[in-house]
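Fit chain U to the supplied structure of chain H, relying on the hints for placement.
As given, the protein sequences belong to chains H and U, one line each in that order.
Numbered by the working numbering, the letters in the first sequence go through residues 19 to 503 in order.
Numbered by the working numbering, the letters in the second sequence go through residues 543 to 636 in order.
Possibly wrong hints are sitting among the right ones.
To be verified - PhoX-like, lysine-lysine: derived pairs with alpha carbons at most 25 Å apart:
| hint | chain 1 | residue 1 | chain 2 | residue 2 |
| --- | --- | --- | --- | --- |
| 1 | U | Lys568 | H | Lys427 |
| 2 | H | Lys393 | U | Lys634 |
| 3 | H | Lys428 | U | Lys582 |
| 4 | H | Lys408 | U | Lys582 |
| 5 | H | Lys373 | U | Lys551 |
These are calculated hints, taken from the structure and not from any lab test.
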Amino acid sequence: MNPYELSIAQARTELDKGTLTSRELTTSCLDRIKAVDSTVNSFLLVTEEEALQQADIADKRIAEGNAAPLSGIPLAVKDLLCTKGVTTTCGSKILENFVPPYDATVVEKLKEQDAVLVGKASMDEFAMGSTSENCAFAVPDNPWKAGYVAGGSSGGSASSVSAMECLGSLGSDTGGSIRQPASLCGIVGMKPTYGRVSRYGLVAFASSLDQIGPMNRDVTDAAMMMNAISGFDPRDSTSVNEDVPDFTASLTKGMKGLKVGVPAEYFTDGLDAEVAKVVENGIQIFKDAGAEIVNISLPHTEYCVAVYYLIAPAEASSNLARYDGVAYGYRAEDPESLLDMYKETRSQGFGDEVKRRILIGTYALSSGYYDAYYKKASQVRTLILQDFQKAYESCDVIVSPVTPTPAWKKGAHGDDPLALYLSDILTISANLAGIPGISVPGGFSSAGLPIGIQLQGPHFREDSLFKAAYNLECGTGIANKCPEL
Amino acid sequence: MNITTQEVKHVAGLAKLNLSEEELEKFPGQLDTILSYVAKLDELDTTGIAPTTHAFSKQNAFREDEVQDSLPREDALANGPNQNGEAFVVPKII
Numbered sequence: 019m020n021p022y023e024l025s026i027a028q029a030r031t032e033l034d035k036g037t038l039t040s041r042e043l044t045t046s047c048l049d050r051i052k053a054v055d056s057t058v059n060s061f062l063l064v065t066e067e068e069a070l071q072q073a074d075i076a077d078k079r080i081a082e083g084n085a086a087p088l089s090g091i092p093l094a095v096k097d098l099l100c101t102k103g104v105t106t107t108c109g110s111k112i113l114e115n116f117v118p119p120y121d122a123t124v125v126e127k128l129k130e131q132d133a134v135l136v137g138k139a140s141m142d143e144f145a146m147g148s149t150s151e152n153c154a155f156a157v158p159d160n161p162w163k164a165g166y167v168a169g170g171s172s173g174g175s176a177s178s179v180s181a182m183e184c185l186g187s188l189g190s191d192t193g194g195s196i197r198q199p200a201s202l203c204g205i206v207g208m209k210p211t212y213g214r215v216s217r218y219g220l221v222a223f224a225s226s227l228d229q230i231g232p233m234n235r236d237v238t239d240a241a242m243m244m245n246a247i248s249g250f251d252p253r254d255s256t257s258v259n260e261d262v263p264d265f266t267a268s269l270t271k272g273m274k275g276l277k278v279g280v281p282a283e284y285f286t287d288g289l290d291a292e293v294a295k296v297v298e299n300g301i302q303i304f305k306d307a308g309a310e311i312v313n314i315s316l317p318h319t320e321y322c323v324a325v326y327y328l329i330a331p332a333e334a335s336s337n338l339a340r341y342d343g344v345a346y347g348y349r350a351e352d353p354e355s356l357l358d359m360y361k362e363t364r365s366q367g368f369g370d371e372v373k374r375r376i377l378i379g380t381y382a383l384s385s386g387y388y389d390a391y392y393k394k395a396s397q398v399r400t401l402i403l404q405d406f407q408k409a410y411e412s413c414d415v416i417v418s419p420v421t422p423t424p425a426w427k428k429g430a431h432g433d434d435p436l437a438l439y440l441s442d443i444l445t446i447s448a449n450l451a452g453i454p455g456i457s458v459p460g461g462f463s464s465a466g467l468p469i470g471i472q473l474q475g476p477h478f479r480e481d482s483l484f485k486a487a488y489n490l491e492c493g494t495g496i497a498n499k500c501p502e503l
Numbered sequence: 543m544n545i546t547t548q549e550v551k552h553v554a555g556l557a558k559l560n561l562s563e564e565e566l567e568k569f570p571g572q573l574d575t576i577l578s579y580v581a582k583l584d585e586l587d588t589t590g591i592a593p594t595t596h597a598f599s600k601q602n603a604f605r606e607d608e609v610q611d612s613l614p615r616e617d618a619l620a621n622g623p624n625q626n627g628e629a630f631v632v633p634k635i636i
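Isolated chain H, as found in the complex (with noise of 0.2 Å):
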């Protein structure tokens, strides 16, 4: 077995106990990354001697016996979060050249556990998109299948994971971005509460939408993570100041006493037959581990896509405004006066999907639409949260499907954006409603392309989600499975 292929709960035991040190594993994943990469496309920029040295102090700090439990584990993050002397681009020509001046908060986080970094991974322009595709730079590949798209807008982090170049990374789910393309490359992912793990240093897309989570080759894995990452922090004014559970105490088995929700609204005619089966499946291994399925409704679901599509961009819009060529980032050349500036930095620096939703929320927010798209929207969001907290009087976990499909053909949406948006109705409401959710690999279609299965908890409960998903985990027993590139 490579060291790379060895999960962070594998290596950690073999890092404690001496026969491996954190330079072979660094050099193993990076070695992985020279081989596949240029196929996988998982990668902006490798930082190759940062991660070595950073190898070497946390091999001291184990051999001293100091060790954190990510001391030494090589893992990548998404290229929105700021890294303190490495370039963040967000996969923006905007941001093609900037060297922020400090670390994201959960940057910081892992650091002060020794792990090391190994390189910013792909992703949609500033988060935007569903496959990763609307990257200024590299686009990541699905692992799974040559030409497929890897799922966005994490699709780096989660193709880094599944192709074993790293052995955990940290994405940002604004919609979905997080458990879509775990479930689509087949691995772990979550998207916290909102508040649970601070925001100081993602560049912002939708703040009162955005969160960072782990993504991970199995549940075990994303609980360490989350245990790393979680927590308040006063340099995040949405940041809630709640207690963080050690998470790995959630992963037993059994799950006599917990109840599971299935949403009819979930289950409709556009879910493609395998996934409705693999989905099914999960339902069965939860009532063979003891729990009580429960029949709930979640009655505005089919809302989610239009209030998402207009608050998303109506808070991007606002946020997007500091790219104006002053400070950081891109200017155009020559410009002929300061506005003249502002409109052909933005217009440069920016591609199709920024500026499409840009423009959408710039819409919704002016005099006189306000009232009819952003109020409106903002209202409805309010009964979506009022669903999922009706639906929490009756279970415990919701289940459903992550995706309406597996993974599909680059490409394939071409010049139709609410197509693509549409494929998000199922992992958006989370975001709307701030609870946690996380994709648990499933099963695979006939064509071999993987299928997760989403589990939604109430807020600041990801410990069921936790020990439902291990449950499924143990019930599908699929985790930790590698494609061949």
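Here is chain U on its own, set in the frame of chain H:
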């Protein structure tokens, strides 16, 4: 038609974007499709329903107003596309 080419031009101006001929050809139709779709929300009566801006907000986040270290000027200027060591330089305004 919810949005005309003229309106797209106006909104682009508000957003400080210049749109190319090709974009002016493509965007109005795409934006119209999206806006027609989101009009679905009109099916719902939301009279008296409070809007949600943050799904989970316990209270406003107050803190003591304490003096803290800030980013050194050199670091703050380091990413500037044009800077003179003291400030960012932009085209003349007045």
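List of violated hint numbers, smallest to largest: 2, 3
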